[in-house]
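Colleague: Each chain is listed here by its residues.
Protein chains: 2
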Amino acid sequence: MKAEIISVGTELLLGQVINSDTAYVARELAALGFDIRYTCTVGDNSRRLAETLQNAFAHSDIVVTTGGLGPTDDDLTKQTCAAAAGRKLVCHEGTKQRLETYFKGREFGQSQMNQAMLPQGCTVFQNDHGTAPGCGFTTEDGKVLVMLPGPPRELLPMLQNYAVPYLSQWADGAISSTNIHAFGIGEGSAAEKISDLMQGANPTAATYALEDEMYVRVTAKAKTKEEAQALCKPLAAQVQQRLGDFVYGTDVASLEVVVVRELQKQGKMLATAESCTGGMLAERITDIAGASQVFHMGLVTYANEIKNMLLGVPQEILNTKGAVCPETAFAMAQGVRQKAGADFGIGITGVAGPKTSEGKPVGYILIALADGEHTYLRTMTGQGGRKDRDYLRHLAASNALDMLRRRLFGLPDIECTAFEKH
Amino acid sequence: MKAEIISVGTELLLGQVINSDTAYVARELAALGFDIRYTCTVGDNSRRLAETLQNAFAHSDIVVTTGGLGPTDDDLTKQTCAAAAGRKLVCHEGTKQRLETYFKGREFGQSQMNQAMLPQGCTVFQNDHGTAPGCGFTTEDGKVLVMLPGPPRELLPMLQNYAVPYLSQWADGAISSTNIHAFGIGEGSAAEKISDLMQGANPTAATYALEDEMYVRVTAKAKTKEEAQALCKPLAAQVQQRLGDFVYGTDVASLEVVVVRELQKQGKMLATAESCTGGMLAERITDIAGASQVFHMGLVTYANEIKNMLLGVPQEILNTKGAVCPETAFAMAQGVRQKAGADFGIGITGVAGPKTSEGKPVGYILIALADGEHTYLRTMTGQGGRKDRDYLRHLAASNALDMLRRRLFGLPDIECTAFEKH
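Sequence lines, in order, name chains A and B. Using UniProt numbering, count along the first sequence one by one with no gaps and you end on 422. Using UniProt numbering, count along the second sequence one by one with no gaps and you end on 422.
No lab work stands behind these hints: they were computed from the structure. All C-beta atoms, glycine included, are put in the ideal place defined by N, C-alpha and C. A couple of the hints might just be wrong.
Chain B regions said to be covered by chain A (calculated; three or more residues, Cβ under 8 Å) [stated by the list, open to error]:
1. 15-27
2. 38-47
3. 282-293
4. 300-311
Listed next, the in silico DSSO-like pairs over lysine-lysine satisfying Cα-Cα at most 27 Å (straight line) [claimed, not checked]:
5. A/Lys355 to B/Lys265
6. A/Lys339 to B/Lys321
7. A/Lys321 to A/Lys339
8. B/Lys355 to B/Lys321
9. B/Lys233 to B/Lys193
10. A/Lys268 to A/Lys339
11. B/Lys321 to B/Lys360
12. A/Lys355 to B/Lys355
13. B/Lys339 to A/Lys321
14. B/Lys355 to A/Lys268
15. B/Lys355 to A/Lys265
16. B/Lys193 to A/Lys339
Given these sequences and hints, build the entire structure.
Modeller: Take a look at the structure:
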């Protein structure tokens with residue numbers, strides 16, 4: 001089955017909002033085995049939406065729209081789609097009752113009421129995080145039309161809980177993908193290592209570069225999800241073997257998830273002391289549910305006197321070598337480890353920009369990891385000339401997480417210098 | 001002039017990557033006064049791209065493509081577009097030399113060399129953050145075709161520094177927009193307050209909801225950018241006046257920028273103590289260049305013993321009332337203010353989920369602000385049933401920033417309880 005996605009909204013068309021809905025819907029359609037040829041965005045304009053819809057049905061069997069289901073006058077998707085399919089809008093009693101309860105004690109006018117008007121005979125998708133329901137129906141020509149709301153927090157649960165089960169009746173095959181995530185290796189180098197593995201048609205392997213990491217996606221198509229998964233497995237294993245210990249996980253959400261889960265497993269505690277990253281490392285760790293078991297304390301020590309007062313970084317080092325030197329990073333890692341009574345301490349100091357500091361260039365960042373026996377260092381310099389603050393901070397926090405991952409799994413560090421005994 | 005954007009890439013089509021390029025390009029095209037009707041995404045498939053291109057030229061005068069300019073075999077945009085426009089690809093000497101320098105000492109093969117092949121007679125856009133150049137040219141029918149690379153870090157500077165100046169020769173009018181940002185008021189309530197102001201055709205006013213704030217965009221179209229700006233001004237002022245002190249800024253990047261700039265102006269220092277937000281507040285503050293002048297110290301005190309040890313939160317409160325109570329929030333704010341010797345201290349404690357804690361529900365978060373004279377409290381509960389961890393953490397940090405903004409500007413707090421003298 002061929003599928004197409006139409007996003008409706010002038011704010012998307014003018015670039016005021018980045019369109020994430022299309023990606024969310026596309027992933028689910030691909031997982032159901034539908035063949036997506038084309039996605040597009042139109043403004044809140046009934047005539048153009050009708051034209052687009054007509055074109056879409058000329059190419060595709062399934063059309064999913066996002067957006068334009070709200071209560072205001074520029075929300076035209078439902079009326080336009082129903083008219084194009086020759087269906088009347090009728091009041092859906094269940095939705096009407098839900099909305100009356102939802103708006104109890106507040107104003108409930110015609111525009112709210114309009115949200116209960118849905119194409120006759122459609123399957124209604126309940127909105128568990130907002131007011132506008134979605135729906136799906138089959139046209140007289142046997143084409144499938146699904147309408148979903150625009151706000152991602154409404155769209156995502158409706159898509160997964162209602163629209164995917166509805167659409168699965170047309171799924172005649174399935175795609176399965178597995179992602180092998182790596183840190184510390186570029187997309188180009190990774191592609192060289194697996195170039196022969198990237199030649200196949202089913203399963204396929206392809207490389208993708210993210211901000212500061214890369215991943216390889218292995219994808220297979222088969223009759224069932226299980227068969228597709230089984231097809232992926234051996235190729236994914238080969239990719240993982242080639243990329244070696246740069247791989248931090250397969251089908252994992254992030255480096256921080258891998259680190260937090262392993263700390264939990266080993267019953268180890270971490271504490272952090274951050275200067276230029278300003279709390280980003282702590283924030284990424286504590287974003288993982290369950291982090292409180294492995295993380296009790298993080299310090300953001302931006303000023304030198306605070307580094308000395310809270311972490312015991314010797315004033316002499318700060319006076320003679322400055323805040324951005326390996327010795328300060330070591331003292332921060334060791335200091336926060338001791339202060340928290342933790343197994344691991346991480347210290348990060350450096351220049352995230354936009355200006356140089358202490359004569360050190362933007363992008364020069366030192367990351368120390370203390371485990372009670374040794375203190376290890378990773379030094380960031382250069383970064384291919386990239387100097388944007390947010391990127392450098394993110395990269396520094398990722399390097400810290402990767403250093404800890406390598407210690408936890410007993411892997412050699414990259415670009416790492418073992419330092420004095422603690 | 002009508003304009004259209006075509007994004008090329010199977011990873012976009014399958015939803016593996018969220019398409020931000022289209023939004024970046026759309027904003028610039030709108031600012032040049034071009035009329036965007038339609039944007040679409042196609043996979044790395046030459047035949048479908050050629051069809052899409054043909055359709056686009058049937059509707060539009062200007063077509064901008066993003067993606068598919070890289071060195072690998074699935075990068076087909078340049079070949080396809082050149083063929084569709086009847087242009088040969090020829091070697092661009094300047095680019096060839098740039099690439100040879102770029103790859104000095106590394107492998108430089110045919111695939112790298114292919115990136116110097118560009119449509120004959122085109123205007124070349126230099127890539128300052130990568131290897132693949134972009135370009136623009138006019139077809140025999142007088143249509144304009146511009147090609148830009150896919151990675152946002154390459155696309156954005158090329159778009160702004162090279163493509164916009166190139167495209168501006170066709171701009172016959174200009175759009176100017178101004179955004180009025182508000183925190184603490186919903187999109188619906190804001191729309192009610194300004195409903196009469198939203199009726200005009202030029203300038204227009206429209207409301208937009210973001211994750212935890214909203215903004216009103218006032219847009220005008222005129223012959224020149226300056227005239228358009230002048231048209232916006234009085235309407236923007238009216239909107240701002242109606243929304244009152246919910247407005248935290250006009251055409252500002254974020255709440256944290258407003259707070260950091262005002263702290264700098266007043267020469268005041270801030271310190272933070274975070275529990276459930278885990279460093280997100282510190283991270284957002286230190287993301288602003290210049291934050292080191294106003295922020296010396298942030299603590300992430302996840303465990304109770306750390307709250308007691310570092311901040312002096314009385315053990316008795318922790319034992320009897322727990323970590324999530326107003327008294328703990330107050331003690332955190334006051335403790336971190338004293339410890340840092342700062343003018344303001346912020347303490348955040350609460351339940352970000354996914355599980356309840358101490359019998360308190362997910363979403364119950366307490367935010368305290370101590371200024372040395374008083375300690376103020378904002379309590380978050382409910383949040384419309386939303387329980388996702390990242391949203392709740394972000395909302396808590398935003399509330400803390402908004403509390404501080406209101407103190408700094410001498411505005412009354414919302415939902416705020418003044419507490420005991422410090």
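Colleague: Next step is simple, just say for each hint if it's right about the structure.
Modeller: Verification of the supplied hints:
Proximity of the segment 15-27 of chain B to chain A, defined as three or more residues with a beta carbon under 8 Å from a beta carbon of that chain, is established by the 12 residues found. For a cut-off of 8 Å, the count of residues in the segment 38-47 of chain B with a CB near a CB of chain A stands at 6, and the three-residue condition holds. For a cut-off of 8 Å, the count of residues in the segment 282-293 of chain B with a CB near a CB of chain A stands at 8, and the three-residue condition holds. Counting residues of the segment 300-311 of chain B whose beta carbon lies closer than 8 Å to any beta carbon of chain A gives 7, which meets the minimum of three for the stated coverage.
Distance restraint check for A/Lys355 and B/Lys265: the Cα-Cα separation of roughly 20 Å lies within the 27 Å cut-off, and the hinted pair is therefore satisfied. A hinted pair counts as satisfied when its Cα atoms are at most 27 Å apart, and A/Lys339 with B/Lys321 qualifies at roughly 26 Å. Note on A/Lys321 and A/Lys339: the hinted pairing holds, with a Cα-Cα distance of about 23 Å set against a maximum of 27 Å. At most 27 Å may separate the alpha-carbon atoms for a hinted pair to count; B/Lys355 and B/Lys321 meet this at roughly 19 Å.
The hinted pair formed by B/Lys233 and B/Lys193 meets the criterion: a straight-line CA distance of about 18 Å does not exceed 27 Å. Annotation: proposed proximity of A/Lys268 to A/Lys339 holds, straight-line Cα distance about 15 Å (limit 27 Å). Among the hinted pairs, B/Lys321 with B/Lys360 is consistent with the structure: their alpha-carbon atoms are about 11 Å apart, no more than 27 Å. Distance check on the hinted pair: A/Lys355 and B/Lys355 sit about 42 Å apart at the alpha-carbon level, beyond 27 Å; violated.
At most 27 Å may separate the alpha-carbon atoms for a hinted pair to count; B/Lys339 and A/Lys321 meet this at roughly 26 Å. Among the hinted pairs, B/Lys355 with A/Lys268 is consistent with the structure: their alpha-carbon atoms are about 22 Å apart, no more than 27 Å. Our distance criterion of 27 Å between C-alpha atoms is met by B/Lys355 and A/Lys265, whose separation comes to about 20 Å. With a C-alpha separation of about 52 Å, the suggested pair B/Lys193 and A/Lys339 falls outside the 27 Å cut-off, and the hint is violated.
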